[in-house]
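Just need the whole structure built from these sequences, with the hints factored in.
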Amino acid sequence: MIVNSLAPQPMPGAAASTVDLTKVYGSGETRVTALDGVSIAFREGEFTAIMGPSGCGKSTLMHCAAGLDTPTSGSVRIGTTELGGLDDRQLTQLRRDRIGFVFQAFNLLPTLTALENITLPLSLAGRRPDPQWVERVVSMVGLSERLGHRPAELSGGQQQRVAVARALVARPAIVFGDEPTGNLDSRAGAEVLGFLRGCVEELGQTVVMVTHDPVAAGYADRVVFLADGRLVDEMAHPSPDRVLDVMKSFAG
Amino acid sequence: MLTTALRNVLAHKARSLMTVLAVCLGVALVSGTLVFADSSAAAHRAAASRSFADLAVSVTPAYSRSAPDQPDVLTDDLVQRIGNVPGVAAVLPSAEGSAVLNAADGKPLRVQQGRNQAAGYVPQRHPLVEGRAPAAEGEIAVDRGTAAAGGLRLGDTVTLATDGPAMTARLVGIVTTQDTRVTSGGTLTVLDRATAQRLFAAPGHYTSIDVSAAPGVGEHELAQRITDMLPADRAEVTTGQAMADQQAIYVGTLTRGYQKLPMVFAGVSLFIGSFLVLNTFAMLVTRRTREIALLRAVGATRRQVVRSLLLEALLIGLAASAAGFVLGLGVASVLPDLLSDAGNELPDGPLVIGARSVAAALFVGVGVTVLAAWLPSRRAARIAPIEALRSAAHPAARPRLRAAAGIGLLALGVGLLVSLAGSAEDASEENLRSAMLGCGILVLALIVLAPLLVRPVIRLTGRLTRRFGVTGVLAQQNALRDPRRTAATATTLLLSTALVGGLATIGTSTGQALDRQAADGLAADHVISTGSTMTGIDPAVVQRVAATPGVRGASAIADSVAVIGGKVREISGVDPAGISQAVKLDFVSGSLQDLGPGRIAVSSSVAAETGTSTGRSVNLRIGSSESFAPYTVVGVYRDNPAARDVLGARDEVQRHSYKPGSVQRILVSGDGVSENALRTAVGNNPLLKVQDRAALVREAAGTMSELLTLMYGLLAIGVVIAALGIVNTLAMSVTERTREIGALRALGMDRAGVRRMIRLEAVTVAAFGTLLGLAGGLFGAWAVGALTGGAMKQYTLVLPWGTLALLCLSSLATGAIAAAVPARRAAALSPLEAVAEG
Ligand SMILES: Nc1ncnc2c1ncn2[C@@H]1O[C@H](COP(=O)(O)OP(=O)(O)OP(=O)(O)O)[C@@H](O)[C@H]1O
Ligand SMILES: [Mg+2]
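Listed in order, the protein sequences are those of chains A and B. 1 is the number of the first residue of the first sequence in the UniProt record's numbering; add one for each residue after it. 1 is the number of the first residue of the second sequence in the UniProt record's numbering; add one for each residue after it.
Just so you know, not all the hints are guaranteed correct.
To be verified - Facing chain B, a subset of chain A residues (Cβ under 7 Å, in silico):
#, residue
1, ARG89
2, THR92
3, ARG96
4, PHE103
5, ASN107
6, THR111
7, PRO121
No wet-lab data here; the hints were simulated from the structure. Glycine included, C-beta positions come from ideal geometry on N, C-alpha and C.
As structure tokens, then:
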């Protein structure tokens, strides 16, 4: 099933897009085609959830789209920038300035305080943080009281909110999250999701998130479904129940 | 268990390699030095037996105490008679002694006691390579090495002296020689036979008769036959073998001194290296905490845990020993080149690998590694099974205990040194030993306290690293993360910096004090000396010097040795009036006024060591006199190199001197007297040294150059081992932090940033070690210097800024350079490591 809205050409207004993206791991007997000609666009200001069974290539798609991994073939664009032609330094710069990333395992720097962690992308870029913006991001994640704490002194939910704030602080064109709530209980997960939703709404932030949780997917504007490295379905304005139905159909 | 240990060693090749390298450096120095010693001893023996190859028996005059003045019996007549003894193949009489000569530039050439040989020409002994043999008085030949070193050419007029006035002769030939005393940096002067006889024996007499044996006749048999025909007590017989042995021993002692320096280096490098081993195993235990706990949980005993680690250490030690030994062979083959200078060649020979060298390499390599691994293995044994379940391994640290122990040691060391500095009057052996002990304790205290000092010190250096932005902050934080590891890594640099910094400071301060002492103590402007108590200056020369234009005073001094308080000291026989103008004597008590027969003055060190003082009487034996006699001490003066240890009346010293009636030094005062005028006044005699004050100061400072070699050698060793340690620690840290580095890459740190971060961390660790080491070294230098100051009033603490700056720079550079490989590895990590499982 080919979904019409997934145009093969980069479209104006897309924060990121892929065309015929293929990723093959290994060779010979151990050869795995993780992505098989995926073409997808993430529109500006839209909150997209990616779903699919384990091993279907969700993480791989996200890594390639975020410039963390290089595709075997096909192209990836952030805005209008084609990633294929960039060297490591340019790619690094692009990640620093235009992409935010929220890891499942938080990946905060244990030696830095919450505030230092949040402003890390700016420090790395040698940019002076805009205090008002930092203030806004920090108050949005509700961490004003805990900025001087080290990650080890924060709860899992708080750590993940620091990670989200870190992903937003450089005003990236797009924020990727690979199961950002995977390590959190439902309450902490809801905090983080609510916060991401808020960003989309208030700041017009583009967000792409991988999740296994239909409830989490319910926060998104759109859900795309991946199976065996291919896009198989998509749903606008998802609700947890409808998402669950689609997922059941895969299982059946 | 052996296979597990082996697998562990092999699985972490890089880390094992660093450890092996650190230990093998020390092993290489130890075994290299031993192999070098064995080889050079063998080479000396070979060279000596080569030069005595065809010599079966040597006949020399016997020294008879009862009739010392009787002429010896080694005449042509005796030569004839020995030739008739059955079994004698050939007889070779020779007249040998010593002679020094001037180089082409008029300066004495290679003057070295016992190595300036002279001989009457013997065709078999002195094969000509150029020119012809000396045939009459006024003609000489020299060996090739001497000619080259002195720039002497055939036809040149050469000034030489045996033990008296200078003579001149024309160089008519160049010969070769196998005499190791000459080839190891001496000179050989070949004279015509008659002149040699006249100079070294008596006309028609020889100093030795060498005999070679007919085939089938043994040395000892021949020796017996010749002994039987010699007049009793007038001549003695030595076999060729015995002579070769003797000479080998003699030259061997000359080279034995060469082993000291490499051995010191070996000791230091092993000591420093052991900390690297310790640190490696400590990191290993931390990393394997989980694994070890798991082993314990499934029933491994503590003993088994310890044993498996020690076994791993044993394997690494064995590898280090083997590698070190091979490297040691390299060291042994380059040592001769390093140790011999232009003219001072050590004999060539194959490398001799003795059992001793192999055993030492094994013992040292394995011993140091296993010992150093022992402490961390104890810690491993304390790991509780429950720690397998904890997420992050945080080995229990006991900072209180450490602080208490460290501060206790520090107080002890500092207390000892400060009290010593306050109370000690002189640099007596006992005080020096206490000072060494104090320094040792101080260093130990620093090592124990280092982990606690990491935080405050690195906060301080962090002010600088922070300038590099967030990379600097991260680097600083990483160095702070495991203070114990940072401290242990820095320990190698701490030790080498403390050693080198302390030595450099003491050396410079002492050197300058010696300079000042040499300059302060002497009022005279030039010193003419024989440099030996066995040779003397002609009275006529003293007159000529005194008559040289510009000379205001020429004070002649008779130098000899005296036994006082069970030790051999240098005594100077002076004329009280003349000496006070030439030497600035600073009397603690008494004066020179009453100096005369039966009276002496002593230096303050001698007074302190023999427990005597002005007015007391001491027993003394001067020079060749046979018995002790009581002398009254009329004064005690501050140590002064120009006045030696003891001052006596000149006549008295001259009477007992080895060359009765001679003087050995002339102190010349007078402005604008040129060295050349004085050289001319002494007849250009190569036996006599003419030095101005600057040259004397330089001579005193000459002893410092050895210290310099020592220092830079230690610095090099410290830097190399420290670099290995830093590589090791950083490699481990990078492995542990792949996830974090991946995240940084994902968040936008570029490769250069990662590299800079690792490098800054290394420099921070290096700076920590350097700062602590400098503090310890300088404090130690101050304390030890205070001791020296008691004995030398010219001593003040001088900081060798240049050397210290070089030291700091090289330490920091070590950090930066050592970080290169781990930094490259860290920079190559993909941002995907951040999301990698595990
Ligand atoms: N580095 C790799 N080397 C080889 N195969 C890989 C690698 N990474 C992923 N794969 C394979 O690629 C396929 C897609 O993996 P991916 O991690 O993208 O799945 P996913 O959809 O994120 O699964 P999950 O929901 O379990 O996280 C899997 O079959 C996986 O085994
Ligand atoms: Mg995944």
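Chain B contact restraint on THR111 (chain A) - CB to CB distance below 7 Å:
The hint holds - THR111 (chain A) has a Cβ within 7 Å of chain B, the shortest such distance being about 3 Å.
Tell me if PHE103 (chain A) is really an interface residue toward chain B, meaning its C-beta lies closer than 7 Å to one of theirs.
holds, 6 Å
So, as I understand it, the hint says ASN107 (chain A) touches chain B; can you test that by seeing if any CB pair is closer than 7 Å?
holds, 4 Å
Satisfaction of the THR92 (chain A) interface hint, Cβ to chain B closer than 7 Å:
holds, 4 Å
Are ARG89 (chain A) and chain B close enough, Cβ to Cβ, to be under 7 Å, as the hint says?
holds, 5 Å
Holds or violated: is there a CB of chain B closer than 7 Å to the CB of PRO121 (chain A)?
Given a least distance of 5 Å, the restraint on PRO121 (chain A) holds.
Should the hint that ARG96 (chain A) touches chain B count as held when the rule is a Cβ pair under 7 Å?
holds, 2 Å
The structure meets every hint from the earlier list without exception.
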